[in-house]
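What follows is the residue order along each chain.
2 protein chains.
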Amino acid sequence: MAKTLFCTSLLYRSTMEHKRAVAEFCGNVELCNHTARVVFSDPYRVSQYNHWTSPYLDRDVEAVTEDNCLKIEIAELKSQFCERGQALIHGDLHTGSVMVTLDSTQVIDPEFVFYGPMGFDIGAFLGNLILAYFAQDGHANQRNDRKSYKEWILRTLEETWTLFHKKFTALWDQHKGGSGEAYIPEIYNNPEIQQLAQQKFMKDLFHDTLRYGAAKMIRIGGLWVWPMLRILNQLRMPENEQLREQRALEFAKMLLKERRKFQAMAEVVSAIPNLHL
Amino acid sequence: MAKTLFCTSLLYRSTMEHKRAVAEFCGNVELCNHTARVVFSDPYRVSQYNHWTSPYLDRDVEAVTEDNCLKIEIAELKSQFCERGQALIHGDLHTGSVMVTLDSTQVIDPEFVFYGPMGFDIGAFLGNLILAYFAQDGHANQRNDRKSYKEWILRTLEETWTLFHKKFTALWDQHKGGSGEAYIPEIYNNPEIQQLAQQKFMKDLFHDTLRYGAAKMIRIGGLWVWPMLRILNQLRMPENEQLREQRALEFAKMLLKERRKFQAMAEVVSAIPNLHL
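Going line by line, the protein sequences match chains A and B.
When we follow the working numbering, the leftmost residue of the first sequence carries the number 86, and every step to the right adds one.
When we follow the working numbering, the leftmost residue of the second sequence carries the number 86, and every step to the right adds one.
This is chain A alone, in the form it adopts within the complex:
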């Protein structure tokens, strides 16, 4: 993620190379359009096709559709997703797209790839981890309370951002005399301004990551995929399942609206409620 996002951005490329690369990928119209609709619009409108949340989450859906602040935030994300060609992103980087063995990591399903905002990829992955955390109690039983697995998820959440941050800024430091034209060395020519630029960029990227992650959580955990899977699998609706969907939704809403109060991923991890549902 650090390599792909860094090396396809203006931090590594000239404005000319970047523009040419954006042009090469801007034909991916249909799938971008699909994502824009299912992530940033469908969860916020009452649709006759969405049977999945009803009747269990009727009041939660209503609360979302009446939350002006949330819907303004989502509109800004949608426009940014469609307008901002910051770097080459995977476009559907949920945890199910990442295949791992002990010595190999492969990412599948590149059909959504286009030039978009970096935070959409990082957020998709981290948002999925948070959802996985919320889901664990549903898999717990007397033999395994999933406590250590839940701890592993939270650790992975924090470490993923920390490692991304470390690798991304290391690439930046390594290539700062190179051809990247966002901060050309003749102008950003002293350690103080280089540090300021990097801190500002990484802080903005962190908050972008949180809000895109939250948007993906709302779609998947609260208002679409989870409830749909529950019904498709003809699961009874245990009360706790409903509560988990509600709590995931509430946490995501908070993260989207109040992201600026978080300065580090450890603070986000601390804010995730331990439900024991």
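Among the hints, erroneous ones may be present.
Which copy is meant is left open, because identical chains are indistinguishable; a pair holds if it fits in one copy or across any two.
As the list claims (entries may be wrong) - Simulated crosslink set (DSS-like; lysine-lysine; CA at most 25 Å straight-line): (1) Lys251 to Lys346; (2) Lys285 to Lys346; (3) Lys252 to Lys232; (4) Lys285 to Lys342; (5) Lys156 to Lys261; (6) Lys88 to Lys285.
Treat the hints as calculated values from the structure; they're not laboratory data.
Since the model is a prediction, treat every value here as computed from it, not as a measurement.
Keeping the supplied structure of chain A fixed, place chain B upon it in accordance with the hints.
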């Protein structure tokens, strides 16, 4: 400006139409690259090719190259200029590109056209008006003190934004049941959220306009074009000419860094110093 920017944005177009339109114009690589360089980079580096500011503005150039806050702002503008395909913009909309008679207005030089941030066009035009204001005292003489012309410029500055705001939001209101997908009517479905969305959008656009306008003023008035014209025309360097270049530069730097303190164009107009130089 209101029509072109509105009708080529996601406020009027579906995400699909918008993406296709961006694709159509993204081949304009060389001229975008030229603008990115001359507006957002050249004025901030000490270049052997820039004889124009030396020695009269040596200290001012030095102050700019040492202003970390200013340079961070400019870097963000440069990246946004290269990354954000918000609407179809003219790309070089200085006042010299606008041809007017009593009953016709024509805009020339469309070769820079591409999908970029709306504020770049509006800012270019308004920034030029502010520079024209600063320049007037240089043309004043005993027969004409240019007072009424200066007042006309300030009035035009305010009226241009006011009229743009009025026409743009009128188009928005007129088409809010249409195919635009930034704020689809099913979701943004009550007068309160529609008003909130519009206010937020217009406020962001206003501040974007101020910062792009300031960036163009720095390039044209302070650090490149004006000083160059002065020398190319083999003008003596009257002390006042130098002062005008300095004051234009100082005002632009303030506007770029402190734009958020302005809520309306009338406040910007009030902040423009009356120099009598």
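Structure-based check of each hint:
Within a single copy, Lys251 and Lys346 get their C-alpha atoms as close as 22 Å, which meets the 25 Å cut-off; across copies the closest is 35 Å, which misses it. Taking the shortest Cα distances, Lys285 and Lys346 sit within 25 Å of each other both inside one copy (15 Å) and across copies (21 Å). In this assembly of identical chains, Lys252 and Lys232 lie within 25 Å of each other by CA distance neither inside one copy nor across copies; the values are 30 Å within and 59 Å between. Within a single copy, Lys285 and Lys342 get their C-alpha atoms as close as 20 Å, and across copies as close as 15 Å, so both meet the 25 Å cut-off.
In this assembly of identical chains, the alpha carbons of Lys156 and Lys261 lie at most 25 Å apart only when taken from different copies (16 Å versus 39 Å within one copy). In this homomeric assembly, Lys88 and Lys285 come within 25 Å of each other (Cα to Cα) only inside a single copy, at 20 Å, whereas the closest approach across copies is 35 Å.
Checked against the numbered hints above, the structure violates only hint 3.
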